[in-house]
Amino acid sequence: MQRQIPMVAIAGTQSGVGKTSVAIGLMRAWQRRGLRVQPFKVGPDFIDPGHHRLATGRISYNLDGWMLSPLVNHQTVYHACQDADVAVIEGVMGLFDGYGDTEEGSTAQMAKWLKAPVLLVMDARAIARSAAALVQGYATFDPEVSVAGVICNRIGSASHLDRIQRAIAPLGIPVLGGIPRQASVEIQRRHLGLWLAQEDHLAETYIDQLADLMETHLDLDQLLDLGRQAAPICGTPTLQTPSTSPVRLGIARDEAFCFYYAANLERLQQAGAELVYFSPLSDRFPDHLDGLYLGGGYPELHAEHLATRNDLRSQLQELAQSGRPIYAECGGLMYLSQGLITPEGQHPWAGLLPFWVQMGRRPTLGYTDVTVVAADTLFPAGSRLRGHRFHYSEQVWDTADPQAIAPTAPYQLRRWNQPPQAEGYCQGSVLASYVHLHFDSHPTLAPALVQACRRGRSPSSVTI
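Per the working numbering, the sequence shown starts with residue 1233, numbered consecutively.
Bear in mind the hints are in silico, worked out from the structure with no lab data behind them. Remember, it's a predicted structure, so these values are computed and weren't measured experimentally. Here a beta-carbon is modelled for each residue, glycine too, at the ideal position from N, C-alpha and C. Do not take every clue at face value.
[Unchecked claim] Computed Cβ-Cβ distance ranges for the label pairs, DEER-style:
id, residue 1, residue 2, range
1, 1654, 1543, 28 to 36 Å
2, 1683, 1457, 47 to 55 Å
3, 1659, 1266, 46 to 54 Å
4, 1388, 1234, 39 to 47 Å
Full structure from sequences and hints, please.
What follows is the structure, encoded as structure tokens:
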């Protein structure tokens, strides 16, 4: 089946040129005109989709050419756009930057798969006629990528923009406008990842400021016309949710635990899970859970408060002892540890894993191939999965404690140009890892987790 709506991919010449600001501002500007804007994010990022949701009021989905197949990406776009008027895809890094030395995972790859026109955002602070050489390079580097227009960010003056437009004109690629330097917006953007996800008044004000800039300095009608160059969106209907009795799967979701791929949660529902959201920071632990999913986030920013949740600690330990599954990623893994070590002291957390964590100075990050090597974990042994890591924390083992025995590593990781590495922690019904798995990278992931909940279900966990 096919559906035709305008679609644009917002790409940057490199990271830091302002493509996120342009994408968010464009989403809100079109939404204010009454359009239903469906947002997407290329790559594994969790923060930008939160910005998109604030700007549009719609769930933003990750598109990824490395973690996911072309079919999965097409299906994602097709289903998300069923009731949309326009689709905006925010790119990742520079237009052609992908995994290692390849185009895999790049904005260019996704634009080719979806046949979406690319709007190229460039930082014009210290460039004039040379902008034409830059744009020509991006437009001709891969003939299959359609660079349909250019947006100049951080323009110094009207005459500055005019010089750039005259230089680029012979290329036949329209300059869609120039956004002037805005000190107030730039200062706020430094903290975008921390406060925008909290959905507060400042976030709304900031998004409206960006939309005002787009309305004033870009030709939104011309942008929409360029979006109509996109190919029709193709896909097939989604299978219905199983009719069997649903399992109750707890989802920790608040300022401390906020990193979940939207598709993961939807696949769990389609596999037969009733998602029970709660805040480990402020809510009581939900009753009658059959399992728990602890996503990533910022537990280190709430270390002291989480340490006061003795009730939550006891209930997590009880859940684990009952044999019901607990699946944790990154920040969730941190919280299941003995606790966080800081210069101010130790903050005890759940205590389900025999190590402490502390924050390091350099991040561990990047895509990773995952092979399930443990036979007694939540996911089928031998499964080849794909995911992403981004964390600053590291484990601290108490070697003097004879009880601190390293649990079985359920995963073997392979990364670009690196030897295989053991990863993750499996103890009983608890599976924890720094890897954020995308459940669409393997069709068994969500059903396996739901089935584990069903197997571990006790009579007291069943809602009558």
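Verification of the supplied hints:
1. 1654 to 1543: 28 to 36 Å: This hint holds: roughly 34 Å between Cβ atoms.
2. 1683 to 1457: 47 to 55 Å: holds (49 Å)
3. 1659 to 1266: 46 to 54 Å: holds (53 Å)
4. 1388 to 1234: 39 to 47 Å: Check passed, 44 Å falls within 39 to 47 Å.
Hint check: no violations occur; every hint is consistent with the structure.
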